[in-house]
Amino acid sequence: MGKGIKTFIKNAAPKAFNFLLFLVIWQLIVVVFKIKVFILPSPIRVLQHLFYPPIAAKYNWWLHVGATFMEVIVSFVATAIAGIFIAVMICWSPVMNQLLSPIIILFNSLPKIALAPLFLVWFGYGFLPNILVAFMVAFFPVVINSAAGLMAVEEDLLDLVNYLNATKAQIFIKIRIPNSLPYIFAGLKISATMCVVGSIVGEFIAADKGLGYLLRDAQAFIDTPTMFACLFLLSIIGLALFFAIGQLERLVMPWNRRREA
Amino acid sequence: MKKNGQKAKSAWCKKAVEAIQKNYRSVLVILGFFLLWEFSVVWFKVPEFVLPPPSAALKHLFIKQADANYNWPLHIRTTLQEFILGFCVTAVLGIGLAIIFVWSKKVKDMVLPLFTFINSLPIIAIAPLILLWMGYGIKTNILIAFLVSFFPVVINTMTGLDSIEDDLLDLIRYLNASKLQLFIKIRIPNSLPYIFSGLKICSTMSIVGAIVGEFIASDRGLGYIIISAQYTMSTPPIFSSLIVISLAGAGLYWVVALAERLIMPWAFKKEQKG
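Chains A and B, in that order, are what the protein sequence lines are. Quick note on numbering: the working numbering labels position 132 of the first sequence as 132, and the sequence is numbered without any gaps. Quick note on numbering: the working numbering labels position 149 of the second sequence as 410, and the sequence is numbered without any gaps.
Isolated chain B, as found in the complex (with noise of 0.2 Å):
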């Protein structure tokens, strides 16, 4: 029992290892784009306003200022709120309504057309509109956040529901499976690489869904510390926010990934083997 854990821990190390070996180069690129961003703009000698380094924009985030006085905190757990929410509804609606959509041939022939057309517009442009039905507030920009990210869901999904090999149909019919059983034991398995390539899309889209919303009319979150530092033109306040904004999609798209390797391990068995 002991040997195999500590098996079990030598191969986490290993992998840790082939990780960083993997990525370290493409850390030290970005690593030393900050760098020089950082010590340019020292040399240059670069007005704040135009361009501010990072170590400001990091200092503005953690350090009360004087001159832009911000409730970090309040602005952060509003944006946060609004992406996350956005972020689940999209996928449980988008999942859910894809699955009802394939359940019969007819209404998905109907459907997929018409919202890959749809997700051909500009669905942002909607959000003056949605502002004036809803007026401001957390909920509109939830709102925002579904709409902008709710169509790449739906169509992956649909499109994964739907590529299943013919050979496979044949044989689950010859076994007189009952559709219940096709779509839980092959449909829905099948279609996890598209349902997780169309959540790590919705996870970039509705963080920009909830800024633009912020953009256009709030009080509060990220989007509207960017427009109000926009208006007095101080810099370091707008590059703090997209910090943040970075880090919290980089971490949602972290956690889809994290959920695909836990829920599919098989797809990356495979990928090791190769």
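Looking at chain A on its own, in the form it has when it is part of the complex (with noise of 0.2 Å):
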């Protein structure tokens, strides 16, 4: 355990120390070439607007993270358990194959973006038409991933298992679903980033609250910091995301890990 965070912090210093330097240089351009805040504001201006905001600016930040963080979180464990359930269906009846494949391969390549006014619509706005916009955008890649694992498992291996008189239920569990753990992982993660996108196209549209929503208006108020701010809370939440699957991963996948080191 020790060792692992020894080379956790290895891996990262490096990282970190280009972001710091990333931001040392953006203070530095900003201050010596004068670049007025509402064009671009310092990080030291943006930390400043999150933590002492002027009276103009005072948002109430942990309500709109909140809900944003809410609607990603909600959205991305919707989009793995139906994703997930569907992708073993379609591998599981060749019927639902044929049914569901070309009506999912056709949603995939629509721009399902554009359906976000439409949810609102029939929702009306809050928390439901995000989550299912979010949804929408982030669903079908894991599908397609999920199932194209399901199906990637070698002839001969299914061979001997079939040899062997095994059930399609052991099949699954034993052969296919781990089989297609590599593939489930890489589309959850596309899924965690277009959740985020579809969560904050949702509130770009319509919401009273959120990320989205804050950007919005502080661009309405030409108030750059507090957006600078929200870029900076987005991808904290994208990477926060993203950095649990990975420890995910790691965990439902032990044998990865060992190959790895």
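Honestly, the hints are just simulated from the structure, not real lab data. Since the model is a prediction, treat every value here as computed from it, not as a measurement. Just so you know, even glycine gets a beta-carbon here, dropped at the ideal spot from N, CA and C. Some hints here could point you the wrong way.
Claimed, not checked - Okay, the calculated beta carbon distance ranges per label pair: (1) A:Asp159 / B:Leu508: 24 to 32 Å; (2) A:Val24 / B:Leu508: 45 to 53 Å; (3) A:Leu21 / B:Asp427: 31 to 39 Å.
Both chains come to you apart, so use the hints to assemble them.
Below you can see the structure in the form of structure tokens.
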């Protein structure tokens, strides 16, 4: 465990250093060239707006971050569960495969984000339509990746298992699902980014809270530091989800970790 | 000569028949989906503002409606312009920059992780910022489309340029090839499949960028129609726009796939044999 933390620090240190260097250069550029705040605020100014905001830009950060975070998490969990379930269904029954695959491939290539205003008409604004937008945007990559993983089993292995008289359920539990895990996690990582994108665009279009709403609101008042603070928080939400998936991946597929070492 | 032509023609026919045989089920399912939609809306008497039948969406597109009169050619042209220009700029800059980055291993090692990191961020969130910097108009939306679709292209191209078999590199070094030759004869042809898969992602992403830009602020374009139709709760124009957007996205995707077949026929020959 101690070793794990050590390697983590070893891996993360150069990245953290690069990030800090980037912030310092940014700060210097803004100060030296006297760039106006409403065009490009300095990092310090952004932090100031986050922690000690001026009266004109006093936002309830917890409320907005909480709203966006909830949307992202709920839609992500929903895409994970529904996506994997449907992928298993497609792989389980050839009839389902022929019925669902063309529709899923069709929808995957459509720009689903354009459906966002439609959800607004149907459900009014608030939590639900944003989750649905995020779900629509992030769902198809999970299904397609998981189904690809479930199908990509070596023929020889299937022959062997058939020879051993394995049931269909056994094939799924012991062969197909473990085999598809790397694909599923790749799909989930795409989904994590897409869920943030979907929630944000939903909030752009209509919402009364959330970071997407705040971005639009701050834009209307040409309050650039607040916008940068929103972008910063959004990135943190996305990265935290990404990191959590990575940790889960290591937990669920210990064999991969061993190979890495 | 004539015989040869006939042969080619019959081979082409055979190919077409094969394609139909392979795809007719998917086409049937998709057609069935739309028919089911049309009839269930009529059957259950769903109000039009909730879910219009596909036919109503088409009607709004081609026949002038009294209640929702949009200048369709203008809006379609605007969105297509943004979308196609966004795609072209991304393709040229993405592939060009990737080649420049991979030219030096040091630059590549620095840039690739950074870009992969940026690609995992929700880039679309900076759309309001770009609006603030540039005001609204076609240029803003092109820039948003570009930013959203740029990173997948660069990352894919760089990965493709970099994934050369070591044996091949050894052989080339042994033959004293110059760096330029290495790029033109080995790295670039090798990266073509990666480039095309990047461009396919780009073709869907750049339309997303253009539409979201139009959502946020614009006075024309299909995204603008969708938003203003949403205010008046008239759903058929929303669906008409969705149809046009989908067709545009699918059209560009198809062009990319066609270019792929033309530029690297060897990949598809192999497919046929196997």
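Each hint tested on the structure:
As the Cβ distance of A:Asp159 to B:Leu508 is approximately 44 Å, the hint placing it in 24 to 32 Å is violated. The hinted range of 45 to 53 Å is satisfied by A:Val24 and B:Leu508, whose Cβ atoms lie roughly 49 Å apart. At roughly 33 Å, the beta carbons of A:Leu21 and B:Asp427 sit within the given window of 31 to 39 Å.
In summary, the one numbered hint that this structure violates is 1.
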